[in-house]
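Colleague: Chain by chain, the residues:
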Amino acid sequence: MSHRGGERDFQTSARRMGTSLLFQLSVHERELDLVFLDHSYAKPWSAHPDASSARPTRMLFVTPRRHQDSTIEADIPIDVETVTSTPVPLYDNQKARSVMNECERHVIFARTDADAPPPPEDWEEHVNRTGWTIAQNKLFNKILKALQSDRLARLANEGACNEPVLRRIAVDKCARRVRQALASVSWDIKLVQWLHTTLVETLSLPMLAAYLDALQTLKGKIPTLIDRMLMSSTTKTGAAGAEALSLLLKRPWDPAVGVLSHNKPSKLPGSPLILIASSGPSSSMFPTSRRHRFWQSQLSCLGKVIPIATHLLNNGSGVGVLQCLEHMIGAVRGKVLEIHNHFPHKPIILIGWNTGALVACHVSVMEYVTAVVCLGFPLLTVDGPRGDVDDPLLDMKTPVLFVIGQNSLQCHTEAMEDFREKIRADNSMVVVGGADDNLRISKAKKKSEGLTQSMVDRCVQDEIADFLTGVLTRAEGHSGSEPRDQDAEKKKKPRDSARRDLAFELPERGSRPTSPAAKLPASPSGSEDLSSVSSSPTSSPKTKMATVTSVQKSSQIGTAQLLKRHVQRTEAVLTHKQAQVPISSDQTEEADKEDLRGQLKRQHPPSPPPGSKSSKRAKIKVTIVSHGDGASGPSLPSQGGTTEGGKPITVTRGQAAVGAKELTGLLTTAKSSVASETVSVSPASSSIIPNSTAPSAFHTLQSRLVASGGHCVAASPGSTLPGSTSASSLLQGLSFSLQDISSKTPTLPASASPGPATQASSVKLPTPMQGLGAITTGTGTIVRTIPVATTLSSLGATPGGKPTAIHQLLTNGGLAKLASSLPGLAQISNQAAGLKAPTTITVTLRGQPSRVTTLSPMGTGAASLEESTSQALPSTPQRLPPAP
Amino acid sequence: MATQYFKTVEHTSTNEKKSFKLKKPNYQLKFTLDGHTRAISAVKFNPKGNWLASSSDDKEIKIWEVYSGTYMKTLTDHNLGISDIAWSSDSELLVSASDDKTLKIWNVGAGKCTTTLTGHTDFVFCCNFSPQSDIIYSGSFDENVRIWNVKTGGCLRCLSTHSAPVTAVHTNQNGSLLVSGSYDGLCRIWDTVSCQYIKTFMSDNCPPVSFVKFSPNGENILTATMDNTLNLWDLKKEKCLKKYIGHKNEKYCIFADFSDTDPKLIVSGSEDNLVYVWNLETEEIVQKLQGHTDIAISTACNPKLKIIASAALEKDKTIKLWEK
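Chains as they are written, first to last, in full-length UniProt numbering: chain A, 1 to 884; chain B, 1 to 324.
The shape of chain A in the complex, shown without the other chains:
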């Protein structure tokens, strides 16, 4: 077995290096990894002599201090010519530039009167200020100044090698100034609306683009205020323009788009539950910061995230800090216990920011958790640094990762090293260069190193994933092959037995394969593949269904023409993906991977076939690809064949004519009948359950979804929607219901029933997106990673899942073009409700499905195809609902 461990280590490293382009970004101190790959006996240079449990510190983006060499230089000829080569930006420059110029390209949407000639370049002199009040003049001038300096920044940055990052910084600055200006008039609604209208009318196109960029940025921060500001223009421009504009403003662009969305973090092994300890009592008045919410969604890429909020009684009046802290610790502790009871075998990971990190550490002393991650650890207190002899933290036994900012006020690296020395628990530390307590890097750092916060966040996330993967795989226990594993086991077992029935625990452990699959007592079919398929984090049944439906569709159009390219791409994706798949040294997981490959192959341009009967599409096939099938090589020629192969386990869900009620019935029956066979079905069926409980909007949606069950699940926009029903209203319903659901879920006991509602949303959410990806053919379904503003963790599970429909549309020549190519067919629905729930920009098509194919251009299909294949994959794991 011991060789396994080595293999695993290797794979971990390989995975990290292979997948993460960002890896290169932060190489400063990481060359060491290469040394370790070749020379496993080598000690890390920063190994602690005293503390064996403290792993060497890892530095992210910490610029090595350069020693001033004052001695030489006399002999070195002065070079006045050679330009020191600038480092190539590590993001996809082309893509970044394309998103960067989004606003510039579509600035015309903002113009109220598109037919009128745009204002001349010297518009400033022509602005007619008669009748303006002092306040108006003042505000206008302020905005103008901000825009002008942005203009200058743009010009000055033009042609720079990391122009996108520089532009991002400039736009952020401009947005800040615009916001300041608007705040200076207290967002006076009349004034602000006047300003917007005036600017739109008078600004020259380049300036207007800058203004839109600023609005776009602000919209991400203060959506309601911006919406209020834009309201007036909505009435003027008419719905189409306004919608296009609001789509454009949907969220700020990010230079690192390509890199981040192409290199999705993979799920952690062992499907752990990630508990986020809040760093303070939550109150409705002060919602959690956007950054924390963003991270919550980021973390949900790694596993199921459960945020723990502490509410104070009587609005916190008369509650002391100590009490409050106790309360917080109590809440986290209670949750940990609760989860232990309901999911006795799920690893629990505690994550906290700042104070939350402390809380997490304290809880880990009291309760058994698998690992603790401290983001921005508050080491320094009023009484000096933590880690005094009587500090309970020193008793920690849980592996802990500290992620601290280099410029943090609450701790510094040296003190942390001292502290780490004293901790007996296995601990690691990551220092993020130039970052503060919240791991945000400074503007100067961004500028000098060509970074964005999103890149840094991803690198931090990679580090966390790396740490946790190590801990989890060790905890999973390749029973005692390595001494440290044994140690870990020893440490764990007494604790386990204290809490749980040992008799129950041990046999379970013995028989358990590493794959989390076996954690589900199900899979009575006895097939190993099956069980692994159904429960492995990398292949959620949900995706599979969606995948298969799309396969079915595509198999009927000219698959053959596409096949060649498709297959090529698949291989590429595969090699890429192979590195990403969490270490698998087990048969089962390998099967998993095979299966994944199968999926990959089958992931097709989900454009529906022209002549396909809805009844065919309506079938939801839960195809579980058998081992052999999946392994039959990447160049599996016949898609139909695969589906055929899957037939034995195919569950026909609904027919085109099946009404909502019927559908529900069918599905529930399906559940009861199938659940015994394959676990994979259950989430799908449970996704329907909330029907009865969910708000009526959801109901409407259901009842209108006459098309098919496949529709309901895969929400493929191409399938026949009743012509009379407005597609947008359908989606509106969907988004509303999702919002409702999401707002409800936190109240559901996360464990008692894994929450059908939760599942519903987690299942539902990705689907419209998939459909979108199908239609819009754009460059990447997931164009940006965005903070997901919902409290629901499972909602957050689709951070990459935001369809940037607008972007895709726009890149393909704009809405106008789209509309003209599809007269009367395209209807763009944009949800106000979508402000919070991210997946609500949807483009729905009405009409015969056969027309739809004309929309999804096969020419560009190659690109879109590739995108959708590669991207559907990383997001797969996110859709895994908690095992019931």
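The hints are simulated quantities; they were obtained by calculation from the structure and are not laboratory data.
Where a beta carbon is used, it is the ideal one built from N, C-alpha and C, also for glycine.
Mixed in with the good hints there might be a few duds.
As the list claims (entries may be wrong) - Derived pair list, reagent style BS3-like, types lysine-lysine, alpha-carbon separation capped at 27 Å:
#, chain 1, residue 1, chain 2, residue 2
1, A, Lys445, B, Lys199
2, B, Lys239, A, Lys445
3, B, Lys151, A, Lys142
4, B, Lys239, A, Lys447
5, A, Lys173, B, Lys151
6, B, Lys236, A, Lys443
7, B, Lys199, A, Lys447
8, B, Lys237, A, Lys443
9, B, Lys237, A, Lys447
10, B, Lys213, A, Lys447
11, B, Lys264, A, Lys447
12, B, Lys151, A, Lys445
13, A, Lys445, B, Lys236
14, A, Lys145, B, Lys151
15, B, Lys199, A, Lys173
As the list claims (entries may be wrong) - Quick list of simulated restraints, FRET-style, between CB atoms:
#, chain 1, residue 1, chain 2, residue 2, range
16, B, Lys324, A, Arg176, 50 to 56 Å
17, B, Thr37, A, Arg129, 42 to 48 Å
18, A, Leu337, B, Lys199, 57 to 63 Å
19, B, Leu305, A, Val127, 45 to 51 Å
20, A, Thr224, B, Lys151, 32 to 38 Å
21, B, Met202, A, Arg176, 29 to 35 Å
22, A, Asn137, B, Lys251, 43 to 49 Å
23, A, Asn137, B, Thr116, 47 to 53 Å
24, B, Lys306, A, Arg105, 44 to 50 Å
25, A, Leu409, B, Lys199, 27 to 33 Å
26, B, Leu305, A, Trp132, 53 to 59 Å
27, A, Ile189, B, Ser163, 57 to 63 Å
28, B, Glu250, A, Leu409, 35 to 41 Å
We have chain A; now place chain B onto it with these hints.
Modeller: Here is chain B on its own, set in the frame of chain A:
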């Protein structure tokens, strides 16, 4: 005795080294371009190296063909004498700074002024394009540096931190930094994006800065001060690396330039009517070009050919092209 012996040995060795290094450039007069009716203020080669533009106190800009030394065209529109000119990187535009307080952007091909930049409140003394040629920087006797949008002709920003006339503006090769020199003795390095100054250079005793320029790679700056000195600074280390002396420069803002020939040279005019050529590395004068009959105020090195252009003031009014 021993020490002396030692010294001589050392001396000869350095001499050898120097003589090896100092292949005398030996520039010879090639053409004398006659045409301006008053003192010439500046000569500039275009980036392609085939044209030479000269500005003069006679309110005219003249374009010359370099290889043949022939006159090509004259650009006129300014109301007063012109102090400085600069080429855009595509060699299609020229910008001129004039005493009539304006700058003009010229389309050289059409021979016409396309845009007039107004805003300065005193003589505009120096101007330059950004490397992307979408921004123009200008310095003026009103002590301000102005930043102009080439496309629109609008003033994007006015930087007013100098306390005396601004004598030179120049950007580094990627346009991220701007350097401005002023009579107040300061050389300021600006961030072109945020328009904040990052560094300030000054010589001891703060002699007025008459000229400043980035090295081709943007890592050094060359400053001319009115104490008969040229300094080469290291931008990062903020210290003076080389000092070029021997010429005379106390009254006029005399241009200097880098010559990327081998060995690297520094070329500058002088108030004693000569053009001085230094070895960049050794600080030694390698050649003095004799011929002008008045102060050689402007010199320029051709970016492609081994040609130096020099122009002189009122009593001379000619441009001389020197070729190696």
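Colleague: Run the distance test for lysine 239(B) versus lysine 447(A): straight-line Cα separation, threshold 27 Å.
Modeller: Measuring from Cα to Cα gives roughly 25 Å; hence the hint holds.
Colleague: Is the straight-line distance between the alpha-carbon of lysine 237(B) and that of lysine 447(A) 27 Å or less?
Modeller: holds, 20 Å
Colleague: Given the hint that lysine 237(B) pairs with lysine 443(A), does the C-alpha gap stay at or below 27 Å?
Modeller: Distance ~23 Å between lysine 237(B) and lysine 443(A) Cα, so the pair holds.
Colleague: Does lysine 151(B) sit within 27 Å of lysine 173(A), going by the straight-line distance between their CA atoms?
Modeller: Distance ~23 Å between lysine 173(A) and lysine 151(B) Cα, so the pair holds.
Colleague: Could you see if the CB distance from asparagine 137(A) to lysine 251(B) stays within 43 to 49 Å?
Modeller: holds, 47 Å
Colleague: Lying within 29 to 35 Å: is that true of the beta-carbon distance methionine 202(B) to arginine 176(A)?
Modeller: holds, 34 Å
Colleague: For isoleucine 189(A) and serine 163(B), compare the CB-CB distance with the range 57 to 63 Å and indicate the outcome.
Modeller: violated, 46 Å
Colleague: Taking 27 Å as the top limit, are the C-alpha atoms of lysine 239(B) and lysine 445(A) close enough?
Modeller: OK: lysine 239(B) and lysine 445(A) at ~25 Å, within 27 Å.
Colleague: Could you say whether the range 50 to 56 Å given as a hint is met by the Cβ separation of lysine 324(B) and arginine 176(A)?
Modeller: holds, 54 Å
Colleague: Checking one constraint from the list: CA of lysine 445(A) to CA of lysine 199(B), max 27 Å. Satisfied?
Modeller: Distance ~18 Å between lysine 445(A) and lysine 199(B) Cα, so the pair holds.
Colleague: Does the structure keep lysine 151(B) and lysine 142(A) at a Cα separation of 27 Å or less?
Modeller: holds, 23 Å
Colleague: Taken at face value, is the distance from the CA of lysine 447(A) to the CA of lysine 199(B) at most 27 Å?
Modeller: holds, 17 Å
Hint compliance for this structure: hints 11, 12, 23, 27, 28 are not met, and every other hint is.
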